[in-house]
Amino acid sequence: MFISWNRLMRLALHPLALAQCGRLGGAVPRPAPRLLIPGTRTLFSDTGVWEKDYRTETRRKVEQWWHPRIMEQWRRDTKKFYVLSMFPYPSGRLHMGHVRVYTISDTIGHFQRMRGHQVLNPMGWDAFGLPAENAAIERGLDPEEWTKSNIQAMREQLDSLGLCFNWDREVTTCLPDYYRWTQYLFVKLFKAGLAYQKEAVVNWDPVDQTVLADEQVDENGRSWRSGALVEQKLLRQWFIKTTNYAKPLLDALSDLPEWYGVKAMQANWIGDCTGCYFDFSLKVNSEETGETLAAHTSSPEAVFGAAYLAILPSHRLLHGTSSVRSALEKHFQPGRDSLTEVTARNLLTGHEIPLVISQKEAFDGHLDTVIGELSVCVGMHFVLIYLSSYILLLFTGLSREQAFHSITQKAREQKVGGHLTSSKLRDWLISRQRYWGTPIPVVHCGSCGPVAVPEEELPVTLPKLPSLTGKGASPLEAAHDWVSCRCPRCKGPARRETDTMDTFVDSAWYYFRYTDPHNPDRPFERPLADHWLPVDVYIGGKEHAVMHLYYARFLSHFCRDQGLVAHREPFRKLLVQGLIKGQTFRLADSGQYVKREDIDFTGEEPVPLGGGRLEVTWEKMSKSKHNGLDPQEVVQQYGIDTVRLYILYAAPPEQDILWNAKTDALPGVLRWQSRLWQLVTKLRGARQLGDVPNPSLLKKKEQTEARKIWDNKNYAIEQVTAHFTGDFLFNAAISRLMGLTNTLTSATVRVVQHSAEFEEALATLVLMTAPMAPHLTSELWAGLCQVKNPLSPLLSRGGDVLQQPWPTVDPEYLEVPDFVELAIRINNKVCGTVTVPRQMSQDAEQVQRLVLESQLGQELLGERSIKRAILSPRTALINFLIDE
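In mature numbering (1 follows the signal peptide of the UniProt record, and there is no 0), the protein residues as written are -19 to -1, 1 to 865.
Bear in mind the hints are in silico, worked out from the structure with no lab data behind them.
Any given hint could be a false lead.
With a straight-line cut-off of 25 Å between C-alpha atoms, the simulated SDA-like cross-links for lysine to any residue are [as the list claims (entries may be wrong)]:
(1) Lys61 with Ala233
(2) Lys562 with Ser716
(3) Lys396 with Asp253
(4) Lys129 with Arg206
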């Protein structure tokens, strides 16, 4: 068997073969990162003095120093973790939504590396599509030039944000080395009978001059992109038969973890898969016409009792170029069922039945062709009314369920239908009448019909066009030399297909290509795809819940059936992130959006400078609404780490963020960074007092305080790790770390100076903050590693903060009793004790709730007004301050 040299080398570089040499992070090995060890010169040692305060200038120095170093710190281990964020369209500018999704993926990536995983966190560009083509038309440019310049600008922006992507795996969907394999997968679909062309009444966008899939039309009948009212047109289009996979896609949802409501949205979109299609050939006067028709039935087991085929008056057969159109029209009588001279032969049963034009304007769901059945139930058995010895032999006496499964299975085996689907689901319409997209690799031959371009002749590249107009027929029609070709089968004259593919085809498989992005021989090697897939965490907007995620799942199922990969489902966990919204101001009378500089904010309510009344709302950031933010300007003002922490702390990932720099979230994370800096300053100062640290010098009360710090550290490790691996509530993780910060801030000087517990807790705090604020913590870690006379081995390991292992709970902590006795004080007076779970004893809100629910709490505090409850960070004590 011949194996190409490229393939041989790729198999030789299989992850399992490379595990010993540690080169798994990318296709090209990089030099080993420079390790920071105690004594290495860092930012503060330029002057020999640790800056006591974390000021704006300090922050800038820290980020400038650590930015290039963090980008080089890529651990290369054998245990994989694939974190994927939805790749962007290269518009030329990042927006805050991009910053949010990529901050989340970067944070997860850093965390998983610290846990010892080899992390794949790739980035690429969803680069085909209408925006680039429209921009090129407006500016008289080549869309390829426009797209590539935008990619360069956005990549520089991403780098400036300190985001650590596997850039050596970058993919760009508009490059031939990518769309060659999009075409390859289309050819696979075509040969499997899943890509087909037919006349259909389709959604036409009159502004963008192209066809839209049903999913791209909103509930008001408007285009998802242009907003234009969609028209109905009859055109010959390419479809992918996703309905054949409806039941597997629906059933597979039950094996996935909860996806923030997306699973329910997908299930609702697919519908109940209780029926199926059967294929029929059409005849006129007993002569075959060459027309085939797929008709739906909700009772597949009754297909042998089919009495007629019914189509709607709007059906393509009555309006297109069908060979049976004239035969149908002569019998059509609006307002009543019309029996025609056209008959339909069931390709499974051979049974021939009449074709009827229904008086109805619509059938259930999106159906336009249905089977009318005749059947009866006799006793416990299902009997089909069709006098055929073959049918009676096979199916008489079967239960309804047995007949159902037997018939649908036989239809699938003969490839004449039988795939369970719903009445509401349609096949995926992928034809687009525009230039800037993947060419559909089909030629049309007068003798052979549509013929797929041979795989060895791919890619079919886009021709260069002198100009684009965006109006009329597909722009590719103008490329006469490109359109005219030879049929691959008979070598006769033929014409290339001039429709291009919907960009959702490009993005339906990009997660595969990231696993083997430079492969010149195939879309990806199976061993590499099987190693990385499924994606462990997929991050993106909920607006892609139906279209992109459905198409990607479909193509993954198809690739599994083709033997290309081992997994059916491409994504294990889905993390959807909400929008970042800005405040908008609109004139109440006209609805016109107003810029902030044209508003007077001096009064109680904002008013436009030109007079009138304003409507104030929060909406998705947009230039047209004058409520957008330039990420680079925000970073310049607040710093990379501050923006990262704000995004993670302001709300759980799936909720929207209302961007307001004056809210508590942004000042809160600014203060927290300063407090972290002060803690390192505090430890460094305590160790410079002259005394060598000696834990035996601690008195009993101080030992109790140190034990409390130890408890709080372990509790924080438990909680933060759970948030990073389970619910992804980074805001809750930051809150827990802020709690540990409070505990350490209140520590007495002798505990700081002489306890290993304080030192280890501070080191742990810095380590757990590192994935979220890598620049600040890199500098803090450097400062910790140079503390005099360290008590903890954590500070003697060497290496930068992101190269440290993630903290784990001390085994002794797991053996501690599950409950603690908590002393209760009211206005500083001891009033008794309450037993609370140990794991909740560090959480002020939980402790307050448990105390108030206890019998003692109800007796002493049930009717009292509580002004404040203070949970001691050092001892098991809570003090309630109440009105006397």
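Query raised in the report: Under the criterion that the straight-line Cα-Cα distance not exceed 25 Å, is the pair Lys396, Asp253 satisfied?
Result: Holds, because 22 Å separates the two Cα atoms, which is no more than 25 Å.
Query raised in the report: Within a Cα-Cα threshold of 25 Å, do Lys61 and Ala233 meet the stated pairing?
Result: holds, 24 Å
Requested in this report: Mind checking the alpha carbons of Lys129 and Arg206 for me, to see if they're no more than 25 Å apart?
Outcome: Cα-Cα ~22 Å, so holds.
Requested in this report: Compare the distance between the alpha carbons of Lys562 and Ser716 with 25 Å, and conclude whether the hinted pair is satisfied.
Outcome: The hint holds at about 23 Å.
The structure shown violates none of the earlier numbered hints.
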